[in-house]
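Next come the chains, spelled out residue by residue.
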Amino acid sequence: MIEPAVGIELASILVVVVPILAAVIPIAFGRLSEWVGVGTALAATAVQAVLAGVLAWTTLSDGEEIVTEIGGYGPSQGGIALVVDGMSALVVALIGVAGLAVAVASLDDRRRDTFYSLYLLLVAGLAGVCVTGDVFNLYVFLEISGLAAYALIASDGTGRSALAALKYLIMGTVGASLYLIGVGYAYVSTGYLNMRDLAPALAEAGYTDPLVLAAFAFVAAGLAIKIALFPVHTWQPDAYTTAPDRVTALIAALVSTTAAYALARLSLTVFTVEFFAANPVVQQVLLAVAATSVVAGSLLAVLQSRVKRMLAYSSVSQFGLVVVGIALLEGPALVGAVVHLIGHAIVKGGLFLGVAAFAGAYGVTTVEEYDGLGERAPYASAAFAVLALALVGVPPTVGFVGKLYVAIGAVEAGAWPLVAVIVASTVLTLGYVLRLLERIYFTDPAPDRAARAAADGGPGGGSEGGPVGLSGRPVSRRRSAGRAIVAVTVAAAIAAVVLGFAGAGIESLLEPTVSTLLDN
Amino acid sequence: MIEALFARYNYVVFALLLGIGLYIVIDDENLVKKVIGLNVFQTGIFLFFITVAVQDGAEPAVTSTGEGTFVNPLPHVLILTAIVVGVSLTALALALVVRIHEEYGSIREDVVVEVLERD
Amino acid sequence: MDSVASLRPLLAVSLPAMAVLLVLASRGRPNLREGWTFLAAIATFLTVASMVPGALSETVYVTDLGTYATGLEFALRADPLGVLFGTLAGFLWIVTSSYSVGYMRGLNEHDQTRYFAAFAASIATAMGVAFAANLLTLFVFYELLSVATYPLVAHDESEEAIWAGRKYLIYTFGGGVAILAGTLIVLSLSGTTAFTPGGIAGLATSDPTLARVAFALLVAGFGVKAALMPFHSWLPDAMVAPTPVSALLHAVAVVKSGVFAIARVVLDVFGPEAVADLGVGIPLAAVAAVTLLVASVIALRQDHLKRRLAYSTVSQLSYIVLGLGLFHEYALVGALLHIPAHAFMKITLFFCAGAVHVETHTDYISEMGGIGRRMPLTMGAFTVAAAGMAGMPLLAGFVSKWFLVVGSVSIDAYAFAAVLLLSGILNIGYYWPVVSQAFFEGADPDPKPLLEYPAGGSPRGGRAGSEARAVPNGGSPAADFYAREDDRTDAEEPAGSHGAHTETGDHGGHAATDHAAGWERRSPLTESTWFMLGPIVVAAVGAVALGLVPDRLVFLDLIQLIVENAMGVSL
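So the protein lines, in turn, are chains A, B and C. In terms of full-length UniProt numbering, the first sequence opens at residue 1 and continues consecutively. In terms of full-length UniProt numbering, the second sequence opens at residue 1 and continues consecutively. In terms of full-length UniProt numbering, the third sequence opens at residue 1 and continues consecutively.
Please keep in mind that the hints were generated in silico from the structure rather than gathered at the bench. The model shown is predicted, which means the values in this text are computed figures rather than measured ones. Cβ coordinates follow ideal geometry from the N, Cα and C atoms, glycine included. Be careful, since some hints might not be right.
[Claimed, not checked] Which residues of chain A face chain C? A few of them, derived with a C-beta cut under 7 Å, are:
| no. | residue |
| --- | --- |
| 1 | P332 |
| 2 | L404 |
| 3 | E438 |
[Unchecked claim] Simulated coverage check for chain A against chain B, where a stretch passes if three residues somewhere in it have a Cβ under 8 Å from a Cβ of chain B:
| no. | region |
| --- | --- |
| 4 | 158-167 |
| 5 | 178-191 |
| 6 | 504-513 |
[What the hints assert, rightly or not] FRET-style restraints, in silico, Cβ to Cβ:
| no. | chain 1 | residue 1 | chain 2 | residue 2 | range |
| --- | --- | --- | --- | --- | --- |
| 7 | A | S305 | C | T113 | 51 to 61 Å |
| 8 | B | T63 | A | D108 | 56 to 66 Å |
| 9 | A | L32 | B | R8 | 51 to 61 Å |
| 10 | A | R110 | B | S106 | 29 to 39 Å |
| 11 | A | D108 | C | A201 | 51 to 61 Å |
| 12 | C | G66 | B | A95 | 50 to 60 Å |
| 13 | B | L16 | A | V281 | 26 to 36 Å |
| 14 | B | V13 | A | G414 | 45 to 55 Å |
| 15 | A | L211 | B | P73 | 20 to 30 Å |
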């Protein structure tokens, strides 16, 4: 058991350690050159992406878990183990790729050095959540990524974003603390923190033991806040809306995703299927909350006029779907949840990058202002449209495959009301996506606004003020969106379509993991 | 009932601290007090972890001679980590409050929201 | 049935898909762009046609594209039913491409690149619908077809067009929800969704309640595109699209994909026998019969020509669904034969309506007095096709309706036979006024006030660029526009006052008088551009040929084969 970490085990350590260490560089050496910050971020996320790719490739092709004991201490000595299985491998790979992609897309939006430190801390924390095999260690990584996320949201220094970040901080901390209480209860009833040891020990303690039940309740409640399920989603729309656009893309792609992963991990590896079998009501509550999220998120999204806010509420709905997939405890549903986690990350990240590109080039932020973007920014708009359709779940995009698998799982479980919610979510999503597409492609820019812009005349009027200042910006000053961000958005759109055909592939890759998770 | 509660008074305090902390977080409009409430809430959790490690007549693990019983060091280690996390969170939260105060001239949430809505 | 691995079904889907990219790439060079459309249309048709001999000799070309999800293959398969639909859509795409060029250029439409790209995308997905080998693949292409046709419906970019597009997408995606749910139930009941002639084996013996639910969900979902009542109302609204779209998509590709998919469900998923055993065929036929009659009655009241044609489509599609619901081989033959028959006739009618719109900017039947003088060939073709619709012998509609009536009488379903005959009379009722207006009415202004809301083809004013037309046109477009503007404002006023009525009437009369003075007599050779006249002639000839020599065209052979396979009888 006690072996030095070499080879692939090293990768599972480095995938966390590299960005953490690199996070120091911009602060320490930032004064040397203006390129230090962005250079470090690019290099570190690139290294992380490669490491994550190698890790994922090895895990998935071998079909076995990679277990690394830090410092060679076994679990009985209180050591922390890193465990990478198929599910974590896929999410880690996603974090690596998305981290790099958003860094590339942010090339034209240079920021202070500390920004890049926070950026790296965020991806490090998220990767840590995925690779750790220890429930307390997971708490620490959750908080590292949380801290970085709060700070990133407020990183452009507006009062609005500071308030949203504070709100997020308070709710996020409460969520993480609830999770910690749950961990404490589980520890008290078993004496273990390592996930693989906890599972049998909890079984021994008895799944109907109030302490064990309370442990799960606190863990699930805490993570639900982090995922932003309805009705504890309230931090999320403000945070997404006020954060700098590219930060929103990263956070929307990864933060809730990782929290949902943590919920799946805790539910299936630690508490296991038997726990739910012993307490059917727990599963029902989880499913009910998730299904409510699907519907409520979409309905709230329809009501929004700001595009970022609309997409934020859409995440509430989409994560409801993911949690349905997890809580159904069916093989296909779990595959669907993982596919949808990845698919949603790509789609939502891409959409927010599209929003960033539009806002940067034309200063548009509301649905009304999206008039005629299809002609002004053809490539970004086309990518945006494809991603939006993927969000709806139009086949054969990735949004559809995830939904399909979750629905198959629901059918296998005989949960017909859930099947109805899952398939109907398509139309609910269409409700708000269609508004955007109509604006982008079938509406001409309002003439009065164009006239006002012409009267405004010439550059110089484009201050980053409130919404009034934004809509008054001269449209004639055709500042096109940065190439990098458009390229990344288009790449996300292509990925959303290509991954739509990868459902069966991902399913076979995940097969060993899923059977381990659902059969023990 | 009462006796049982008195015998486990530290658990009672744990629950009370959680409740008080959460109440302040939710109810108080003052952002700084919200942050304080958050700290109270977390302190409750710290207390819980330390409580479960308590063992009568045991020695601290570090100074233990290796004979007799010694206290389980793991919860203490965990809570040390959690305290560090809590301190950084408080620091960040206060920095955000300072930023909000600069922008809106108030640390009361209702006032800030009012200012925001007027925009 | 031999299955042969072949790339031909995939090619039929990917040729138009490639055309999308080529069209987009050659924007700004209209001639090259339209060249790609023609090239792709001809290549697609040849590809599909090359599969016809195979289909007739029981060879099925299959392209296996791998597993999509557990138990769900992603595969294309050119069986006789698919080839029937594919050939039809492929052939009519060539015809419509020519017409599109004439129409879009004649009106100087905006965003023509988007139009032609979306058109090719629609055909690609329609081919996918035709050759889908199982319900899931069908669903994928069916949904894509909705997306691809959306830009065509909303093409006009007017308030009305956007609303029509919104309605269209929400209706069809709502249908998609039902289809997906139905597909999942079928999958859970039988473990497969692959189309099998005569029905999927496990389905007939499974839980009948769930099977009925699945059937209802699938038929309701596909029924949206097939414009079954009460899911039909997107279709008349979608007439706001350019006429070639109404012609090919709203008479052939889109609506027929709905009907075609219902045929798939009946023939290849459940099987006609199981449908009859489950007792769901007759309710389906009943819904179709109601749709058929009600739509015909509504059509009587439409003054806007394209809207009238749309309601006629709703009604005619239900002929097909009605036949599918009846458990008899002749009814099935009639239903399937009505797919190409209606396609040829309705595309002719729409082509004519579009040609009239391009040449004279006349959309309302009441304004068409004496238009036969101005456009003799067009209105002649219109008359032929309309007669076919009504089921006149020697025309396409007669043969299919004959089979339908014989089928329903054979199973003693006299009520359905009566509905079919009654509908024939109603058909005459709503087509005759058009013909009589065109040929037998003159300058006589219609004294009745017009309150019809112009749902399709609202006046485009500046953008349509009526001043840019090179051909001198009959009538006075300006007066025409005013008349219609008045109509619209009138219709928007709730319960317009009496004064407004007379005023509108005056204006209408004014326009009609203008036309009557201005309808110059033209010879068939100069009445319009041959980009449009050619397609009209081809489609009308097709409609006649289907009526005169149905057994010489490949469709009837294919249909016999389909029905024999599905029913296990020999015809």
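Hints, one by one, checked against the model:
Because the beta carbon of P332/A sits about 6 Å from the nearest beta carbon in chain C, less than 7 Å, this interface hint is met. The beta carbon of L404/A is positioned within 7 Å of a beta carbon in chain C (closest approach about 6 Å), and the interface hint is therefore held. The interface hint given for E438/A is met, as the beta carbon of that residue sits about 5 Å from the closest beta carbon of chain C, less than 7 Å. For the region 158-167 of chain A, the stated coverage by chain B holds: 7 residues have a C-beta nearer than 8 Å to a C-beta of that chain, and at least 3 were required.
Counting residues of the region 178-191 of chain A whose beta-carbon sits less than 8 Å from any beta-carbon of chain B gives 5, enough to reach three: the coverage restraint holds. Judged by the Cβ-Cβ criterion of 8 Å, the region 504-513 of chain A is not covered by chain B as claimed, because only 0 of its residues qualify and three are needed. Distance hint check for S305/A and T113/C: the Cβ-Cβ separation is about 31 Å, which falls outside the suggested range of 51 to 61 Å. As the Cβ distance of T63/B to D108/A is approximately 58 Å, the hint placing it in 56 to 66 Å holds.
The hinted window of 51 to 61 Å between L32/A and R8/B holds, with their beta carbons roughly 58 Å apart. For R110/A and S106/B, the hinted distance range of 29 to 39 Å is satisfied, since their beta carbons lie about 33 Å from each other. Remark: the range hint 51 to 61 Å for D108/A to A201/C is upheld by a beta-carbon distance near 60 Å. Judged by the Cβ atoms, the range 50 to 60 Å given for G66/C and A95/B holds: they are separated by roughly 53 Å.
The hinted range of 26 to 36 Å is satisfied by L16/B and V281/A, whose Cβ atoms lie roughly 29 Å apart. Between V13/B and G414/A the Cβ separation comes to about 47 Å, which falls inside the hinted range of 45 to 55 Å. Evaluation of the 20 to 30 Å hint for L211/A and P73/B yields a pass: the beta carbon distance comes to about 22 Å.
The structure is inconsistent with the numbered hints 6, 7, although it conforms to all the rest.
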